[in-house]
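**Q** Spelled out, the chains give:
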Amino acid sequence: MDDHLNDAAPGRDIDTARRELLIAGALTATAAALPGAAGAQTPGATAPQAGSPNAATPAPVLSKVALRVNGQRYEKEVDTRTTLLDLLREHLRLTGTKKGCDQGQCGACTVIADGRRINSCLSLALMHEGSEILTIEGLGTPDKLHPLQAAFVKHDGYQCGYCTPGQICSAAAMLDEVKRGIPSHVTADLNARPLLSPMEMRERMSGNICRCGAYSNIMDAIAEVAGANPAGSQA
Amino acid sequence: MRAFTYQRVRSPEEAAKAAAATPNARFIAGGTNLLDLMKLEIETPAHLIDVNGIGMDRIEASGDGGLRVGALVRNTDLASDPRVRRDYAVLSRALLAGATGQLRNKATTAGNLLQRTRCPYFYDTNQPCNKRAPGSGCSAIGGFNRHHAIVGTSDACIATHPSDMAVAMRVLDANVETVKPDGSRRVIPIADFHRLPGDTPHIEHVLAPGELITAVTLPKPVGGRQFYQKVRDRASYAFALVSVAAIVQRDGSGRVALGGVAHKPWRMPNAEQQLARGGKSVTDQLLANARVTEDSAFKVPLVQRTLDGLLLEARRT
Numbered sequence: 001m002d003d004h005l006n007d008a009a010p011g012r013d014i015d016t017a018r019r020e021l022l023i024a025g026a027l028t029a030t031a032a033a034l035p036g037a038a039g040a041q042t043p044g045a046t047a048p049q050a051g052s053p054n055a056a057t058p059a060p061v062l063s064k065v066a067l068r069v070n071g072q073r074y075e076k077e078v079d080t081r082t083t084l085l086d087l088l089r090e091h092l093r094l095t096g097t098k099k100g101c102d103q104g105q106c107g108a109c110t111v112i113a114d115g116r117r118i119n120s121c122l123s124l125a126l127m128h129e130g131s132e133i134l135t136i137e138g139l140g141t142p143d144k145l146h147p148l149q150a151a152f153v154k155h156d157g158y159q160c161g162y163c164t165p166g167q168i169c170s171a172a173a174m175l176d177e178v179k180r181g182i183p184s185h186v187t188a189d190l191n192a193r194p195l196l197s198p199m200e201m202r203e204r205m206s207g208n209i210c211r212c213g214a215y216s217n218i219m220d221a222i223a224e225v226a227g228a229n230p231a232g233s234q235a
Numbered sequence: 001m002r003a004f005t006y007q008r009v010r011s012p013e014e015a016a017k018a019a020a021a022t023p024n025a026r027f028i029a030g031g032t033n034l035l036d037l038m039k040l041e042i043e044t045p046a047h048l049i050d051v052n053g054i055g056m057d058r059i060e061a062s063g064d065g066g067l068r069v070g071a072l073v074r075n076t077d078l079a080s081d082p083r084v085r086r087d088y089a090v091l092s093r094a095l096l097a098g099a100t101g102q103l104r105n106k107a108t109t110a111g112n113l114l115q116r117t118r119c120p121y122f123y124d125t126n127q128p129c130n131k132r133a134p135g136s137g138c139s140a141i142g143g144f145n146r147h148h149a150i151v152g153t154s155d156a157c158i159a160t161h162p163s164d165m166a167v168a169m170r171v172l173d174a175n176v177e178t179v180k181p182d183g184s185r186r187v188i189p190i191a192d193f194h195r196l197p198g199d200t201p202h203i204e205h206v207l208a209p210g211e212l213i214t215a216v217t218l219p220k221p222v223g224g225r226q227f228y229q230k231v232r233d234r235a236s237y238a239f240a241l242v243s244v245a246a247i248v249q250r251d252g253s254g255r256v257a258l259g260g261v262a263h264k265p266w267r268m269p270n271a272e273q274q275l276a277r278g279g280k281s282v283t284d285q286l287l288a289n290a291r292v293t294e295d296s297a298f299k300v301p302l303v304q305r306t307l308d309g310l311l312l313e314a315r316r317t
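Protein sequences, first through last, are from chains C and G.
Position 141 of the first sequence, counted from 1, bears residue number 141 in the working numbering, the numbering being contiguous throughout.
Position 120 of the second sequence, counted from 1, bears residue number 120 in the working numbering, the numbering being contiguous throughout.
The shape of chain G in the complex, shown without the other chains (with noise of 0.2 angstroms):
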């Protein structure tokens, strides 16, 4: 690992202010992921501002009938909030399916959502990896990709987003907020916060230098049958080789998102709306533009089966 200088701050306006003058700085909250790619130097921050303990741990009724949670909220603390298991059990069930007891007892809402991918070449610092070294090349492509993306992705990058709680947000249309340097804030909606990689890979996110996520705000509980099915190599304790979020209504309507297959969240309305003809319809068109290899043309039929088998428990109950 590199040295680097700490700082504690008091306030979410301190630790942006802080970001933006000091070079190469890097917010630390859980920690869970950056230590890890710091040790392994592919994180190599001069300078960490510690953003623990300056409030941002709550879970609070917002003003439209929603909820508001802290950017600091703990995963395990999100999961088992009474609020949210009764009329967000989608976000429940993806936090519980991602990483361990341990893990989730630290990682914290804002972190979960900037988690860097899990592809095995970014994590291999003797290979190529735009993410990792812009320029140097994709290792994925015409490596082993089994766990790689399969739409929206591009000749520099296939790698996916790892987080499971991300596409429960995306699929409940959360909205972002953050502190900016200069002190000023804005909302950004989840659709719009991750970004393709296209040929910058290494940018993951719209995140200005410096800005700080302070919250993430539930929209009004949408109600329906809520489901978060992550089909993955072992049963606990893996990431997802495709996972399904889905809100399905009694008439039929619904939402989906899928993780697993794309460099962000994966989720089209027009997709949606195909939800009463059928697991195949929605896939037909959530995947239409699929870009697959040998070795991950299996996720589309995956996908497919595992959204039937949502839609056919949401029938049954």
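Excised from the complex, chain C in its bound form (with noise of 0.2 angstroms):
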């Protein structure tokens, strides 16, 4: 369970400290109202669960991957079960990825996995071993920020931003698969280079769910960088 505490990264600042403080704090919460889902979280847990038709739960295993991410390689011991979006976020720090409904729904753990947009919630860590991702993070740096985030600033592409990250990481592979000449639902033409209009954008962002309902000014943000007239047919 405290995995993420022990290897910590030297110099982390008091701001991440006080979130992991948070979040030992709502596992200790969730610990005392479900001790049979604690329990599952506790290595070399093999107690029967109370209530669980199946006797016994059985106990963790764990297992090595090495990964780039950004640029910077890593290796990790990890619980078999952890997705690519838990590694991300709970053992690399890399909290920019977000955790919407982790089902694949809602887009916001939205990375780009060997230059394919991925949901990261619905992939095993272990299947990345060798890949190269790129998250928010890599994209872009405060100070030198990617096209698309700077774009997402300029027209307010966000209220709360939580489905931002994942908005940028999917528009930017978005883009990449209209270049590479990858068809959509909207595309009227198969055997044609599909177009950059906004029905195209629409249909290929479908994944990405915003629920401040940003979505007029998101595409205002994509269209510009796509270099596409949102009010406009095509590029």
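Keep in mind the hints are simulated off the structure, nothing from the lab.
Any given hint could turn out to be false.
Which residues of chain G face chain C? A few of them, derived with a C-beta cut under 7 angstroms, are [as the list claims (entries may be wrong)]: (1) M1; (2) A3; (3) T5; (4) G31; (5) L35; (6) D36; (7) D50; (8) A89; (9) T100; (10) G101; (11) Q102; (12) Y237; (13) R291.
Listed below are the simulated DSSO-like cross-link pairs for lysine-lysine, each with C-alpha atoms no more than 27 angstroms apart in a straight line [claimed, not checked]: (14) G:K39 - C:K64; (15) G:K17 - G:K180; (16) G:K220 - C:K64; (17) C:K76 - G:K39; (18) C:K154 - C:K144; (19) C:K144 - C:K179; (20) C:K64 - C:K144; (21) C:K64 - C:K99; (22) C:K99 - G:K39; (23) C:K76 - C:K99; (24) C:K64 - C:K76; (25) C:K144 - C:K99.
Which stretches of chain C does chain G cover? Using the computed rule of at least three CB atoms under 8 angstroms from a CB of chain G, they are [as the list claims (entries may be wrong)]: (26) 56-62; (27) 79-87; (28) 91-104; (29) 113-119; (30) 167-178; (31) 183-195.
Just so you know, even glycine gets a beta-carbon here, dropped at the ideal spot from N, CA and C.
Quick one: dock chain against chain with the hints and give me the complex.
**A** What follows is the structure, encoded as structure tokens:
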């Protein structure tokens, strides 16, 4: 349960420490409310789970994974159940990638794995042995924003900001998909190059939900970077 | 999620052998459906066999003028392949009508065929469901069943198969190639691959324990105008209420398969012979024995009108 506390990076700041305290507090609260579920997070736990039809809860299994994230190599030993999303957030401290629904519906966890956008919540960390992952932290920095990051700021492409890293990673890969000629559901001619129309961009971004409803501004931001005219029908 | 052991393998044969040798093992490829179900503990494998990185990831010309699609070809890559776009447009269209860009980048050809139903009662572990917990009952019968099957159903289950891709594969007469744990191989016509629920709705396909899909083959292109029309509650990223895959030839003959109406892609050769007589004649045959509820009755006229719309478009162009 406290693996991420033990492998803390040197020089972490007070904010990170405060965040960990909050996480620890939340886990304690969970443990108090759900003794059975908390037991499953304790290494070596094999005690029967109350109310479970299966008598024994299998013990966690650890396995090593090595991959590159934003150009830096990491090697970690993780529970086999660890998703790529949890590896990024809880083990590598890259909390820019967000956990929204944790079931592939909202897109907040979108990262670019080996050049393709994916839902990091629906992928096991172990399945990314040797992968090159690009997250929002690698796309741009506060000093050197990615053009999409700058455009989201300029067009106010968010309200709460929780979906934003996923929106931006998704949009960056989406524009690349159009460039590579990958068709979409709304592409009229399957054998022609797809256009960068607003209809195309909306369809292609349907895997990223914004509960604040900032869609029109998100579209303006993406369209600006794409060089498309949001009011027109094509690039 | 239940804890599990994890294994990488070097070949499809080794994967099948390992699956048979390990109790409660499952293959994992894209993981987009399996991991979701594992988080909910609807799927509780004790062992995962990662079949990524062992080949099966190419689309190649087959000996008979068709295409052989590796089991691990991602949905994005299959939909984008120039040969598929040109010769099997119904398949490209079906793939692009499903899921999202992110999911299609991960989801595989074989995994798509093996998707499990999106029946909300299957997902709700507090409710009886014969598919999730055999013998516990069906909550959808008599429950909220607007999204459910209307043909091929049983008193045990009215779930639909959620795949769009499989409906296109069905209309194209695809074949599923597999390898068994003993190393033997077989070819299963897509028509025989998925099962109707009967009184064993938890058994959804004809694969034997440990049997691994290695490829799906598409016969020589049949030409014609090809359509995949999906009708859903949202314009994007929603499962089909109904979908129609159709191939219409110049002389008015053709093929039709339906999604969203049954436990498997729904196609009947004798119904297709009615194509020249219009959507109603075809639908009357395809859905002749439909068992609808107040909530799902809309699907019958929806299929007919969707099909009529496609036939009109086919005549126009």
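**Q** Regarding the hint that M1 (chain G) lies at the interface with chain C, is the smallest CB-CB distance below 7 angstroms?
**A** M1 (chain G) check passes; min Cβ-Cβ to chain C is 5 angstroms, inside 7 angstroms.
**Q** Should the hint that D36 (chain G) touches chain C count as held when the rule is a Cβ pair under 7 angstroms?
**A** OK, holds: D36 (chain G) within 7 angstroms of chain C, min 5 angstroms.
**Q** Can the region 79-87 of chain C be counted as covered by chain G under the rule of three residues or more with Cβ-Cβ separation shorter than 8 angstroms?
**A** Per the Cβ count (4), the hint holds.
**Q** Please work out if K144 (chain C) and K99 (chain C) have their alpha carbons no farther apart than 27 angstroms.
**A** Within the cut-off at roughly 25 angstroms; holds.
**Q** With a cut-off of 27 angstroms on the C-alpha distance, tell me whether K144 (chain C) and K179 (chain C) pass.
**A** holds (24 angstroms)
**Q** Check whether three or more residues of the region 56-62 of chain C sit with their beta carbon closer than 8 angstroms to a beta carbon of chain G.
**A** holds (count 5)
**Q** Holds or violated: K220 (chain G) and K64 (chain C), Cα atoms, limit 27 angstroms.
**A** Violated, at about 45 angstroms.
**Q** Can we keep the T5 (chain G) interface hint, with Cβ of chain C closer than 7 angstroms?
**A** holds (5 angstroms)
**Q** With chain C as the partner, please determine if L35 (chain G) meets the hint condition of a C-beta pair closer than 7 angstroms.
**A** Holds, because the Cβ-Cβ distance from L35 (chain G) to chain C comes to roughly 5 angstroms (cut-off 7 angstroms).
**Q** For the region 113-119 of chain C, does the count of residues with a C-beta closer than 8 angstroms to a C-beta of chain G reach 3?
**A** holds (count 4)
**Q** Using C-beta distances, would you say chain G covers the region 183-195 of chain C, given that this needs three or more residues below 8 angstroms?
**A** Result for this restraint: holds, n = 6.
**Q** K17 (chain G) and K180 (chain G) were given as a pair; does the straight-line alpha-carbon distance stay at or below 27 angstroms?
**A** Holds: K17 (chain G) and K180 (chain G) sit about 8 angstroms apart, inside 27 angstroms.
Consistency note: the structure conflicts with the earlier hints numbered 13, 16, 20.
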